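Colleague: Taken in sequence, the protein lines are chains H and E.
Note that my numbering has the first sequence beginning at 1, numbered continuously upward.
Note that my numbering has the second sequence beginning at 1, numbered continuously upward.
Keep in mind the hints are simulated off the structure, nothing from the lab.
These figures come from a predicted structure and were not determined experimentally.
Fair warning: there could be bad hints in the mix.
What the simulated footprint calls covered on chain E by chain H, stretch by stretch (three residues with Cβ under 8 Å from a Cβ of chain H suffice, anywhere in the stretch; the number is not a length) [claimed, not checked]:
(1) 15-29
(2) 32-43
(3) 48-55
In silico DSSO-like links for lysine-lysine, alpha-carbon gap of 27 Å or less [stated by the list, open to error]:
(4) E:K62 with E:K28
(5) H:K123 with E:K80
(6) E:K9 with H:K62
Here a beta-carbon is modelled for each residue, glycine too, at the ideal position from N, C-alpha and C.
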Amino acid sequence: MRRVVVTGMGTVSSIGNTLDAVTTSLRESRSGIEFIPEMRDLGFRCQVGGRVKGLDVTRIGKRALQSMSDVARFAAMAAAEAIDDAKFPLDDLKSERVAVVVGTSFGGVNEAARAERVLQRTKNPLRLGVTGLFKGMHSTAAGNLASWLGVRGRAYSICSSFCAGVDAIGHASELIARGVVDVCLCGASEENTLRQVWGCLDNWGGMPSASNDRPERACRPYDQDRAGPVLSEGAGVLLLEALDHALAREARPHAEIVGYGSSNDGFHMFEPSGDGLRESMGQALAAAAAKGVRRVDYINTHGTGTKVHDALEVRVIREVFGTPSPLVSSTKALAGHALGATGAQEAVYTLLMLRHGFAAPTVNLERIAPDCEGVSHVQSLREGPLDTVMTFNAGLGGSNACLIFHKI
Amino acid sequence: MATVEEKVKEIVLEILDVKPEDVVPSAKFIEDLNATSIDIVEIVTAIQNTFDVNIAEEEAQKIRTIQDAVDYLNAALAKKGSQA
Numbered sequence: 001m002r003r004v005v006v007t008g009m010g011t012v013s014s015i016g017n018t019l020d021a022v023t024t025s026l027r028e029s030r031s032g033i034e035f036i037p038e039m040r041d042l043g044f045r046c047q048v049g050g051r052v053k054g055l056d057v058t059r060i061g062k063r064a065l066q067s068m069s070d071v072a073r074f075a076a077m078a079a080a081e082a083i084d085d086a087k088f089p090l091d092d093l094k095s096e097r098v099a100v101v102v103g104t105s106f107g108g109v110n111e112a113a114r115a116e117r118v119l120q121r122t123k124n125p126l127r128l129g130v131t132g133l134f135k136g137m138h139s140t141a142a143g144n145l146a147s148w149l150g151v152r153g154r155a156y157s158i159c160s161s162f163c164a165g166v167d168a169i170g171h172a173s174e175l176i177a178r179g180v181v182d183v184c185l186c187g188a189s190e191e192n193t194l195r196q197v198w199g200c201l202d203n204w205g206g207m208p209s210a211s212n213d214r215p216e217r218a219c220r221p222y223d224q225d226r227a228g229p230v231l232s233e234g235a236g237v238l239l240l241e242a243l244d245h246a247l248a249r250e251a252r253p254h255a256e257i258v259g260y261g262s263s264n265d266g267f268h269m270f271e272p273s274g275d276g277l278r279e280s281m282g283q284a285l286a287a288a289a290a291k292g293v294r295r296v297d298y299i300n301t302h303g304t305g306t307k308v309h310d311a312l313e314v315r316v317i318r319e320v321f322g323t324p325s326p327l328v329s330s331t332k333a334l335a336g337h338a339l340g341a342t343g344a345q346e347a348v349y350t351l352l353m354l355r356h357g358f359a360a361p362t363v364n365l366e367r368i369a370p371d372c373e374g375v376s377h378v379q380s381l382r383e384g385p386l387d388t389v390m391t392f393n394a395g396l397g398g399s400n401a402c403l404i405f406h407k408i
Numbered sequence: 001m002a003t004v005e006e007k008v009k010e011i012v013l014e015i016l017d018v019k020p021e022d023v024v025p026s027a028k029f030i031e032d033l034n035a036t037s038i039d040i041v042e043i044v045t046a047i048q049n050t051f052d053v054n055i056a057e058e059e060a061q062k063i064r065t066i067q068d069a070v071d072y073l074n075a076a077l078a079k080k081g082s083q084a
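Next comes chain E alone, as it looks inside the complex:
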């Protein structure tokens, strides 16, 4: 079963025109992966819909790297789990 990181990578590869080897945890969306602001919105949206979690807008705006996205997603999953 794919890990959270693997699924996030899959989403990023679907949306951005980048190679798998570029999608490393430290990769910055804008500077390294040439993501536009719309790309980032779409990635965060896809992550929320794929995992059925809500990432608040003020948190989404702080996402700069792949690792940031994974971290915020894990926090949202934990919060969802604790509410279940």
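Pulled out of the complex, with its shape left as it was, chain H reads as follows:
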């Protein structure tokens, strides 16, 4: 099995659309959460969220943009940054040895909603045009990236709810390790799903409704006053290569993927049991140990700010790692929960911390809840080199997935 490295990364998120902007946001705790007037106008109790701001998509070009809604546009710009970051020659992407695996939770849901509104109003299918097919389909990001870049290996979408990003990256690493392809652009993307999905979450677990005037304080993972997730959008993309492929073109890998685990609770569509999380962490750690990596310095958690799940995560971390645990923080307090994209964005955030040598804090963690104690919470910026980092997520439908990156 070949060794798999990360040579490039890119992200589009509420905390920035470039690696530099995101690094600054993480280091300086600059929140991406804002008041969203549309939520107030639609009758939401929670009226804050994370939006991608000021994204310039002209680089994609009009021809390619025609078949893209935001979910593909976000993925394309994140991929473009990853390719630049990797200094990967564009022409070398036009190969059967290159793959695209980009996940999502809801796909081009806005286009589907728009088409239905037009059809109901006009009763005339001729009013729908054609590009809605490509914009709305679940594989829109993968298909559009392959078309735009000329990729001729495997290209598809993976969805495992909020684990889509980690599972896409993990799957891509397995394709490379097995020798199916040499290079893969992988990650996940989610466009704004405010009108289709956010309301369900506002109902179900509740989203914070007492911080509409102070949006940056709304999401409070592990805190005594945590009141649910704040939602967001965007994309994260990694460029993975076989190590020998990267070295042959004299690329400088940022990190090696030394562990990937994925496991379902087999229990409930939204109540977590902890079993899948423990199992997926265990799989990732066993794979890392087999490569001689036995210590994790920092964990980027799922950490949405929900009562049940935050406490369960902490319990599982304590069970798996003992005390003292690795450094632990959730970046959702700063950037929000971008649903299907979140795992890929958080992989990028975690790799940025690995690259630059810092651990971002869980902002708004002022009073650790009793059921969230017992792990090494990062409550203020920690400067210092890291060697091995973990990121994990848990999703609806009982999904859990975990990645471990080691500095190379």
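Fit chain E to the given chain H structure using the hints.
Modeller: Same frame as chain H, but now just chain E:
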């Protein structure tokens, strides 16, 4: 207030990767403006939705130039006006 021609030109410039000076009434969508069949469908769709008119499929298929699009649109607008 923009004329029908100006609004059609705006739609074409939004959808096609062409310069404003290319979008003249005699310009042929496929030969002069490099439009694909999907581009033409999207342009006709956008025209219908912008002006809230229906252009029948057999008429849409006859649209070859910018002027054709304007002519069919004017006919559809007149028909809509006479039904109001």
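Colleague: Compare the structure with each hint and give your call.
Modeller: Structure-based check of all given hints:
no. : hint              : verdict
1   : 15-29             : holds (count 3)
2   : 32-43             : holds (count 4)
3   : 48-55             : holds (count 4)
4   : E:K62 with E:K28  : holds, 12 Å
5   : H:K123 with E:K80 : holds, 16 Å
6   : E:K9 with H:K62   : holds, 16 Å
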